[in-house]
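Chemist: This is what each chain is made of:
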Amino acid sequence: MGVALRGIRRTFPDGTVALHGLDLAFEQGEFIVLLGPSGSGKTTACRMLAGLDVPSAGTIEIDGRDVTALPPRLRGMGMVFQNYALYAHKSVFENIAYPLRVRKFAADAIRSKVQAIAALLRIEPYLHRRPAELSGGQAQRVAVARALVWEPAICLMDEPLSNLDALLRLQLRTELKRLHRDLSKTFVFVTHDQEEAMTLGTRIAVLRDGRLEQFEAPRNIYRKPASRFVAEFIGRPAMNTFDGEVRDGRFHAPGWAVPVEDRPAGPAVLGIRPEQIEIVPAATEGAFPLVLDVCEPVEPDILWFLRAGDRSLIVRGSGDDIAAESGDTVHVRFPRGALHWFDPVTGARLP
Amino acid sequence: MTAAPAWRRLAWAVLAVAVVIAVTPYLWLLLTSFKTRVDILSPQPTWQFAPTWANYPAVFIGKEYLPLLWNSLSIAGFSTLLSLAIGAPAAYVFARERFPGREDLFFFFLTTRMAPPISIAVPLFLFFTAAGMIDTLYAVIIAHTSFNLSLVVWMMRGFFADIPREIDEAAQMDGRSRLGAFVGVVLPLAAPGLAATAVLCFILSWNEFLYAFLLAAFEGRPLTVGIPGLVTPHGTLWGQVAAVAVVATLPIVVFAMLVQRHLVRGLTFGAVKA
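From first to last, the protein sequence lines stand for chains A and B. Mapping of the first sequence onto the working numbering: residues 1 to 351, in sequence order. Mapping of the second sequence onto the working numbering: residues 1 to 274, in sequence order.
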């Protein structure tokens with residue numbers, strides 16, 4: 001089962017454009033994450049897939065069949081909403097059974113399917129309860145059960161973990177991953193949380209202002225971000241990026257400079273991840289000195305904030321690397337393969 | 001047991017006075033319906049008298065007022081159903097869809113109640129005469145629907161707006177059509193609001209006199225229109241008036257008691273959110 005969005009545009013009545021011609025295609029069994037800040041169009045894209053919103057232009061295909069005009073009920077997809085959207089007047093059992101009842105399953109089939117999915121999501125003890133008597137985590141499990149009980153080919157999830165507290169979020173995240181492994185369904189997951197995206201997705205579509213920035217496996221997104229935006233959006237703390245100019249074998253940013261090799265001269269944006277910067281003894285080749293501003297322990301690591309001109313260069317290191325205090329000078333080295341270069345105007349990745 | 005604070009006792013006193021003021025006329029009506037003509041017209045009103053059952057059969061069987069009760073029930077019942085059947089879907093659209101002129105159209109529904117009812121009485125009369133529907137239940141039902149409709153639209157919009165949009169969408173993902181989601185999921189969730197609105201419509205229609213009197217003064221007349229018929233050239237038949245009034249108010253009293261919890265919740269909920 002292949003799904004393809006082709007040239008999807010969505011213009012809202014007030015004139016804002018939510019999606020500028022989105023192209024996205026994926027295969028059966030993938031865990032696709034739509035990632036982006038608010039207003040990036042990720043939820044709109046998900047709703048287009050569901051059939052809850054209609055594109056202003058472009059087509060949506062499932063297995064080569066054009067489903068753009070098809071209502072949600074004919075698309076064979078289940079959906080989990082951020083606010084659970086459980087039916088408050090029905091018991092948990094009836095909530096989960098609802099898609100089966102609507103689709104006219106036999107009574108005993110309904111019972112066994114509901115029991116099976118409830119066992120999988122560990123919500124059997126609550127089947128007789130009302131949604132109002134559930135905690136957030138339980139409610140969202142029920143919503144997931146309802147979306148999956150009739151075994152749709154695709155399960156859409158619109159920020160399903162965003163309303164849960166931190167601990168539950170981690171727990172349910174792992175369970176979603178397990179569920180995806182066990183059911184081998186296609187999951188499409190919308191989130192603004194890069195960590196959720198990195199941990200869950202087989203491929204991540206990073207969206208920004210209604211445009212697709214990059215659509216690749218998490219590893220590639222992390223290692224080869226296609227743009228400055230993706231580079232800064234993925235990873236915590238965010239990648240260090242500096243506007244500057246390459247000149248005489250050095251990269252000059254306002255207030256500091258670093259030796260670089262094999263770069264054409266001219267304006268450029270240099271990026272380097274905090275966890276890839278090395279703190280080294282003073283005499284090391286390629287090392288350069290910076291003054292330590294603040295350090296924040298995030299056990300077992302430490303974040304060093306080094307003064308780099310009027311900005312901070314953030315280094316993530318192990319707490320055992322050095323003992324330094326605010327105002328001390330430390331020497332850092334940028335490993336050669338760790339540098340990313342972006343176009344200062346377009347933000348696109350440079351080779 | 002500790003003594004109640006003074007302000008509490010004062011509150012009880014105020015409440016007691018209010019209850020007495022509200023209930024006494026009704027009690028008096030109830031007693032009057034069991035009095036003979038002599039007791040009713042006695043210059044010294046009394047709580048103690050020899051009760052008579054004669055007023056009820058005299059008016060409901062002797063004067064054949066029983067069908068009027070049926071007329072009242074039909075008019076109030078059907079106009080309520082019709083108002084809900086037309087108004088609830090309209091309110092749902094107002095709550096969910098954006099379209100040009102939405103708020104203007106919504107306000108238009110309210111303006112239909114702003115003119116004094118009497119101002120459209122003559123046009124209504126001419127209209128139903130031309131349609132050959134004068135003195136039928138249909139005329140009154142439609143007339144009552146015309147003013148109850150704005151109430152339904154106005155109240156139900158708030159109730160529907162309280163239900164998250166995702167509920168409709170979840171129902172669609174679960175295999176329902178848009179209309180199916182409305183009927184199957186949204187309406188049941190809005191049931192308390194629907195009930196409160198229905199009771200209000202029913203009471204307004206049941207108590208209505210002007211349109212009923214103009215459009216159905218004879219065969220189709222409800223109880224409210226029947227009462228003036230007891231003011232005869234030989235004097236007003238107070239005992240029978242009271243008997244009709246008791247029967248006419250009884251269903252409302254019972255109804256209001258049954259649903260008062262929903263009514264209060266419904267009215268405050270709907271009104272604030274709309």
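By construction, these hints were calculated from the structure, which means they are not laboratory data. Heads up, the beta-carbon is just placed ideally off N, CA and C, and yes, glycines get one too. Don't take every hint at face value.
Unchecked claim - Away from chain B, derived, C-beta distances all over 12 Å, residues of chain A:
1) Arg103
2) Pro264
3) Asp310
Said to hold, decoys possible - A few chain A residues that face chain B, going by a derived Cβ cut-off under 7 Å, partial list only:
4) Leu52
5) Pro72
6) Arg73
7) Tyr98
Unchecked claim - Which stretches of chain B does chain A cover? Using the computed rule of at least three CB atoms under 8 Å from a CB of chain A, they are:
8) 13-24
9) 77-89
10) 188-198
Chemist: State for each hint whether it applies.
Modeler: We went through each hint and held it up to the structure:
Under the 12 Å C-beta cut-off, the non-interface status given to Arg103 of chain A relative to chain B is violated; the minimum distance is some 5 Å. For Pro264 of chain A, the requirement that its beta carbon stay farther than 12 Å from each beta carbon of chain B is met, with the minimum near 52 Å. Residue-level check passed: Asp310 of chain A sits 46 Å from the nearest beta carbon of chain B, beyond 12 Å. Taking 7 Å as the C-beta cut-off, the interface hint given for Leu52 of chain A holds, the closest approach to chain B being about 5 Å.
Proximity of Pro72 of chain A to chain B holds as hinted, the smallest CB-CB distance being about 4 Å (cut-off 7 Å). With a least beta-carbon distance of about 5 Å to chain B, the hint placing Arg73 of chain A at the interface is held under the 7 Å criterion. For the restraint placing Tyr98 of chain A at the interface with chain B, the shortest Cβ-Cβ distance is roughly 5 Å, inside the 7 Å limit, so the hint holds. Evaluation of the coverage hint for the segment 13-24 of chain B: breached, as 0 residues show C-beta separations to chain A shorter than 8 Å, against a requirement of three.
Three residues within the 8 Å Cβ limit are the bar, and the segment 77-89 of chain B against chain A gives 0, so the coverage statement is violated. Beta-carbon proximity to chain A at under 8 Å applies to 3 residues in the segment 188-198 of chain B; the threshold of 3 is reached and the given coverage holds.
Going through the hint list in order, the structure does not satisfy hints 1, 8 and 9.
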